[in-house]
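Asker: Respectively, the protein sequence lines represent chains A and B.
Residue 84 in this note's numbering sits at position 84 of the first sequence, and the numbers go up by one each step.
Residue 207 in this note's numbering sits at position 207 of the second sequence, and the numbers go up by one each step.
Derived by calculation from the structure, the hints in this document are not laboratory data.
Check the hints yourself; a few may be wrong.
Here's a subset of chain B near chain A, in silico, CB distances under 7 Å, partners left out [stated by the list, open to error]:
#: 1; residue: Ala38
#: 2; residue: Val53
#: 3; residue: Val55
#: 4; residue: Ile82
#: 5; residue: Ala84
#: 6; residue: Ser95
#: 7; residue: Val97
All of these numbers come straight from a predicted model, not from anything done at the bench.
Heads up, the beta-carbon is just placed ideally off N, CA and C, and yes, glycines get one too.
Protein chains: 2
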Amino acid sequence: MSDSERVCDLAEEQLLARIFPLLPATAATLVGPGDDAAVISAPDGRFVVSTDVLVQDRHFIRDWSTGYDVGWRAAVQNLADIAAMGARPTSLVVSLVLPRTEEVQWVLDLARGLAEACAPYGAGVVGGDLSSGDAIVVAVTVHGDLDGGDPVLRSGARPGDVVAHAGVLGRSAAGLDLLTDAEETAAHPELVAAYLRPDPPIGSGTRARLAGATAMLDVSDGLLRDGGRIARASGVVLDLDAPLRALQTDLAALAEAGRVLDVDPSRWVLTGGEDHGLLATFPPDAELPSEFRVIGRVVAATADRSPSVTVQGAAPEGDEGWDHFAGHGHPRD
Amino acid sequence: MSDSERVCDLAEEQLLARIFPLLPATAATLVGPGDDAAVISAPDGRFVVSTDVLVQDRHFIRDWSTGYDVGWRAAVQNLADIAAMGARPTSLVVSLVLPRTEEVQWVLDLARGLAEACAPYGAGVVGGDLSSGDAIVVAVTVHGDLDGGDPVLRSGARPGDVVAHAGVLGRSAAGLDLLTDAEETAAHPELVAAYLRPDPPIGSGTRARLAGATAMLDVSDGLLRDGGRIARASGVVLDLDAPLRALQTDLAALAEAGRVLDVDPSRWVLTGGEDHGLLATFPPDAELPSEFRVIGRVVAATADRSPSVTVQGAAPEGDEGWDHFAGHGHPRD
Chain A
1 MSDSERVCDL
11 AEEQLLARIF
21 PLLPATAATL
31 VGPGDDAAVI
41 SAPDGRFVVS
51 TDVLVQDRHF
61 IRDWSTGYDV
71 GWRAAVQNLA
81 DIAAMGARPT
91 SLVVSLVLPR
101 TEEVQWVLDL
111 ARGLAEACAP
121 YGAGVVGGDL
131 SSGDAIVVAV
141 TVHGDLDGGD
151 PVLRSGARPG
161 DVVAHAGVLG
171 RSAAGLDLLT
181 DAEETAAHPE
191 LVAAYLRPDP
201 PIGSGTRARL
211 AGATAMLDVS
221 DGLLRDGGRI
231 ARASGVVLDL
241 DAPLRALQTD
251 LAALAEAGRV
261 LDVDPSRWVL
271 TGGEDHGLLA
281 TFPPDAELPS
291 EFRVIGRVVA
301 ATADRSPSVT
311 VQGAAPEGDE
321 GWDHFAGHGH
331 PRD
Chain B
1 MSDSERVCDL
11 AEEQLLARIF
21 PLLPATAATL
31 VGPGDDAAVI
41 SAPDGRFVVS
51 TDVLVQDRHF
61 IRDWSTGYDV
71 GWRAAVQNLA
81 DIAAMGARPT
91 SLVVSLVLPR
101 TEEVQWVLDL
111 ARGLAEACAP
121 YGAGVVGGDL
131 SSGDAIVVAV
141 TVHGDLDGGD
151 PVLRSGARPG
161 DVVAHAGVLG
171 RSAAGLDLLT
181 DAEETAAHPE
191 LVAAYLRPDP
201 PIGSGTRARL
211 AGATAMLDVS
221 DGLLRDGGRI
231 ARASGVVLDL
241 DAPLRALQTD
251 LAALAEAGRV
261 LDVDPSRWVL
271 TGGEDHGLLA
281 TFPPDAELPS
291 EFRVIGRVVA
301 ATADRSPSVT
311 VQGAAPEGDE
321 GWDHFAGHGH
331 PRD
């Protein structure tokens with residue numbers, strides 16, 4: 001144990017007083033932190049809300065992730081859920097469970113990571129709760145505004161729509177595999193960074209809605225698994241183009257890491273999660289925002305072809321992604 | 001280990017499919033659970049939001065609390081924060097961390113506890129997240145609507161106002177002390193129940209606002225400590241009447257338990273937390289909702305009398321309540 005200042009050296013209110021100044025404000029805040037609750041403007045007459053939790057030794061380990069990384073990732077994976085509805089993030093609240101021996105600096109770094117991930121989108125942290133516990137837990141709830149538009153659900157994909165994606169695929173999974181392989185941790189820092197601090201196109205959610213997106217989600221559990229969710233919710237088949245053509249950029253970015261780890265990069269691209277890019281469907285005549293690449297087509301489900309994802313008309317091989325409790329396909333759960 | 005069904009026997013989506021039907025809906029839900037985010041109606045053009053977390057072995061222990069109790073308490077302590085703003089709760093989202101070996105039945109009981117605590121107020125559970133972890137964590141975020149009114153802050157108390165309280169004081173703390181004392185666990189089941197499943201007057205928050213409350217919060221850390229928060233936020237002194245007169249009902253309800261445990265019941269009433277009653281100040285001419293009892297007066301702070309709580313003009317003796325990290329005054333932290 002070093003002499004660093006620990007969480008247990010401060011009263012809860014003292015710790016909060018150190019955290020608050022680091023957190024971003026938002027123009028939507030009518031009453032900010034410090035009262036029983038915050039009051040947030042919702043001029044649209046609706047708000048969009050989602051919650052996501054990060055747990056130490058499940059979603060991150062202390063050896064790999066700094067407090068900044070954990071704060072950044074907690075913010076981004078939540079912001080992406082708001083983007084996936086076609087909404088603009090406005091505000092977050094954060095419940096934080098910390099061991100009493102945690103360094104205060106780690107917590108302040110987490111607050112800075114949260115803040116810097118939110119800042120480009122004008123989203124503020126408007127409230128929170130602290131508790132002690134044996135392991136770090138960061139539970140974030142995020143809110144967004146639809147600015148008068150209709151939310152983009154998972155259920156609106158129609159045969160004839162194009163399937164498109166904005167952001168990167170497979171980077172986070174490759175970064176995790178590099179970190180897991182003790183000999184290759186230093187290789188490809190850009191992929192390791194993509195795992196530690198994913199940077200999805202949050203602003204593209206609103207642009208996709210304005211361009212007429214019929215269905216959308218953020219890819220948190222892998223392209224095949226999450227594509228399957230749109231397929232089942234919409235009662236359609238998402239038929240992806242040949243990855244070598246449609247996902248060429250992602251495959252190229254992963255080729256060298258694939259050679260190093262003896263992994264087929266298409267596995268990362270098709271099943272790797274946590275990049276939080278936006279997978280959307282658009283009417284065939286829609287003018288797509290430039291960051292969306294067409295990667296397939298929506299076709300009708302039939303008696304022989306249940307709602308699912310296919311690749312060039314065939315069922316994909318292998319697993320689909322990972323599951324929190326079954327731990328399927330994920331090394332640390 | 002029994003043969004009971006465990007969380008790890010199910011995929012996350014299977015577990016969610018078992019939980020969702022138990023959760024209450026709310027009229028405010030425009031898009032419910034199952035998409036990337038929920039969409040909630042906020043006709044007021046604002047929403048009120050707060051978050052609170054319960055951690056196993058900090059806020060509850062498995063030997064004492066059933067899943068139902070934990071769900072109930074997680075809901076209630078959040079609903080009380082909305083009430084304390086003078087708002088009406090509309091919707092909750094829940095992040096749940098569970099050991100993989102947790103019984104599925106325990107989780108379903110938690111969902112039922114959440115649901116039944118919310119039902120009387122029309123609040124729905126509109127989203128959530130599940131993760132595995134070594135200890136149970138229940139992080140709830142709750143939203144409310146002000147129905148066009150002004151939020152009741154902690155900072156609005158003015159000299160001349162009356163101090164009033166709705167709900168019970170000291171019951172939860174006495175129940176916890178009974179549970180902690182192995183020989184007296186079976187005594188006073190009504191106090192143990194008040195600890196396990198507090199039932200504060202959530203609906204009184206709106207009524208207090210309509211009656212002109214100038215400041216309000218819910219008593220989660222004890223009357224003296226929480227009263228001090230209103231005092232400091234408002235820059236005033238909250239002078240409480242003699243407890244034997246003003247808090248007679250609460251003291252009487254605790255008298256026998258106090259004898260059994262050799263505790264002065266006024267300690268429970270003045271410093272016991274987690275009853276989540278509403279402490280409010282009202283203008284002297286306000287017509288108080290009948291469930292509010294006047295327990296003191298607001299007086300001006302002076303050079304000799306900084307913003308604080310006094311009892312009959314004097315500083316109270318002893319500790320003020322408890323702190324999550326310092327563990328001050330709480331046996332389990």
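Asker: It remains to establish, for every hint, whether it holds in the given structure.
Answerer: Structure-based check of all given hints:
| no. | hint | verdict |
| --- | --- | --- |
| 1 | Ala38 | holds, 5 Å |
| 2 | Val53 | holds, 4 Å |
| 3 | Val55 | holds, 4 Å |
| 4 | Ile82 | holds, 6 Å |
| 5 | Ala84 | holds, 4 Å |
| 6 | Ser95 | holds, 4 Å |
| 7 | Val97 | holds, 6 Å |
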